[in-house]
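Undergrad: Sequence:
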Amino acid sequence: MRSLKLFVFLLIIFPNLIISLSDSIRANDYLRALEALHKNDTTSAIILFKGLIKHNNDALSNYELAKIYAGSSKLKDFSKAYNYINNAVNKDEKNINYKLLQAFLKEELFYSSPINKTYSNEAISLYEDI
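In this note's numbering, the protein residues as written are 579 to 708.
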């Protein structure tokens with residue numbers, strides 16, 4: 579009981595302690611994911627970025643996953659990339675890099691399937707907006 583009181587007391591005095599520990603863990607996971615990419619271990623990077631998105635759902639992790647999937651030659655991976663980049667743009671609408679990747683993916687999806695006819699105009703609009 580005494581340790582619980584001490585814990586609550588510390589939370590009241592140092593509320594940022596838990597937040598900073600959480601941020602530190604997230605930053606560590608992000609760096610591990612980038613290191614995995616540097617070593618060409620995309621499987622580990624994908625797992626780490628997905629974990630970050632599950633717990634934090636930040637724009638940067640969505641963007642990194644979108645870049646990984648955009649590098650694939652499979653159409654289903656392009657669709658995944660498109661979903662992740664949309665999440666990133668929705669979270670940070672002013673980021674030019676996110677918008678450029680989103681426009682690129684819309685353009686590629688337009689050329690990959692006749693179903694995606696509207697993506698051409700949307701891509702052009704995005705490029706003009708940037």
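What the hints contain is simulated information worked out from the structure, not anything from laboratory work.
One thing to keep in mind: the hints can contain errors.
[As the list claims (entries may be wrong)] Straight-line distance between alpha carbons at most 30 angstroms, and here's what the computed BS3-like set of lysine-lysine pairs gives:
(1) Lys-654 to Lys-669
(2) Lys-654 to Lys-677
(3) Lys-617 to Lys-677
(4) Lys-645 to Lys-617
(5) Lys-677 to Lys-658
Undergrad: Hinted pair, alpha-carbon criterion (30 angstroms max): Lys-677, Lys-658. Please report holds or violated.
TA: holds (16 angstroms)
Undergrad: Please work out if Lys-654 and Lys-669 have their alpha carbons no farther apart than 30 angstroms.
TA: holds (23 angstroms)
Undergrad: Sort out whether Lys-677 lies within 30 angstroms of Lys-654, counting only the CA atoms.
TA: Answer holds: Lys-654 to Lys-677 is near 20 angstroms, not above 30 angstroms.
Undergrad: Holds or violated: Lys-617 and Lys-677, Cα atoms, limit 30 angstroms.
TA: Holds: Lys-617 and Lys-677 sit about 27 angstroms apart, inside 30 angstroms.
Undergrad: Between Lys-645 and Lys-617, is the straight-line Cα distance small enough, at 30 angstroms or below?
TA: holds (16 angstroms)
Comparing the model with each earlier hint shows no violations; every hint is respected.
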